[in-house]
Amino acid sequence: MPQLRKDIRTSFEHARQKVEAYASASEDLSGELRRWTDSTLRFIEPEATIRNLHRVVLERADDLTGLMAERPQPRASSIATAKSHLTAAFEDLEDAILKHGILTPAGEKVGLGIAGRPI
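According to the working numbering, the sequence shown is numbered sequentially starting from 290.
Keep in mind that the hints were calculated from the coordinates and are not lab data.
Check the hints yourself; a few may be wrong.
Pairs of lysine-lysine residues, derived as DSS-like cross-links and limited to a Cα-Cα distance of at most 27 Å, are as follows [unchecked claim]:
1. Lys388 / Lys295
2. Lys307 / Lys388
3. Lys388 / Lys398
4. Lys372 / Lys388
5. Lys295 / Lys307
6. Lys295 / Lys372
7. Lys398 / Lys295
8. Lys307 / Lys372
Now the in silico label distances, taken between C-beta atoms and shown as ranges [to be verified]:
9. Arg360 / Arg305: 24 to 32 Å
10. Gln292 / Asp384: 15 to 23 Å
11. Lys398 / Ala310: 29 to 37 Å
12. Ser373 / Ala404: 32 to 40 Å
Where a beta carbon is used, it is the ideal one built from N, C-alpha and C, also for glycine.
Kindly produce the complete structure, drawing on both the sequences and the hints.
What follows is the structure in structure tokens.
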């Protein structure tokens, strides 16, 4: 299953780059990040730690989006802090997936390994 682990790392790296480049409330950051994390999790069995960290990522993405929509524009340091918190949440979620992730039957069907085994 090294390919799945590689895909997860790549997906999370792209998400972190997207957060770093995020500059306008007109971008649908929350929606994009939700799609990326959902697509990453589609072959991973539900697990409490992963579910909770996924929720934190989505909440922090919403926080950053809300901050960027404020007028007047918040200080750059406030935006940088929100981005840092979101990036840290992504790192925590990625670590949890790689540590606790179990392959689903759907993952087995597409050739990612054996269902029920750690990724």
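So, going through the hints one by one against the coordinates:
Taking the CA atoms of Lys388 and Lys295, the gap is about 14 Å. The hint holds against a cut of 27 Å. For a cut-off of 27 Å, the pair hint linking Lys307 to Lys388 stands: about 24 Å separates their Cα positions. Taking the CA atoms of Lys388 and Lys398, the gap is about 22 Å. The hint holds against a cut of 27 Å. Simply put, Lys372 and Lys388 have alpha-carbon atoms about 24 Å apart, close enough for the 27 Å limit, and the pair holds.
A threshold of 27 Å between alpha carbons decides the hint, and for Lys295 with Lys307 the separation of about 18 Å falls inside it, so the pair holds. With a C-alpha separation of about 24 Å, the suggested pairing of Lys295 with Lys372 holds against the 27 Å cut-off. Straight-line distance between C-alpha atoms of Lys398 and Lys295 comes to about 18 Å, which keeps the hinted pair within the 27 Å bound. This hinted pair checks out: Lys307 and Lys372 have alpha carbons roughly 10 Å apart, not beyond 27 Å.
Distance hint for Arg360 and Arg305: a CB-CB separation of about 27 Å, consistent with the stated range 24 to 32 Å. A C-beta distance of roughly 19 Å is found between Gln292 and Asp384, which places it inside the suggested range of 15 to 23 Å. Remark: the range hint 29 to 37 Å for Lys398 to Ala310 is upheld by a beta-carbon distance near 35 Å. Hint check: Ser373 to Ala404, Cβ distance near 37 Å, so the stated range 32 to 40 Å holds.
The structure shown violates none of the earlier numbered hints.
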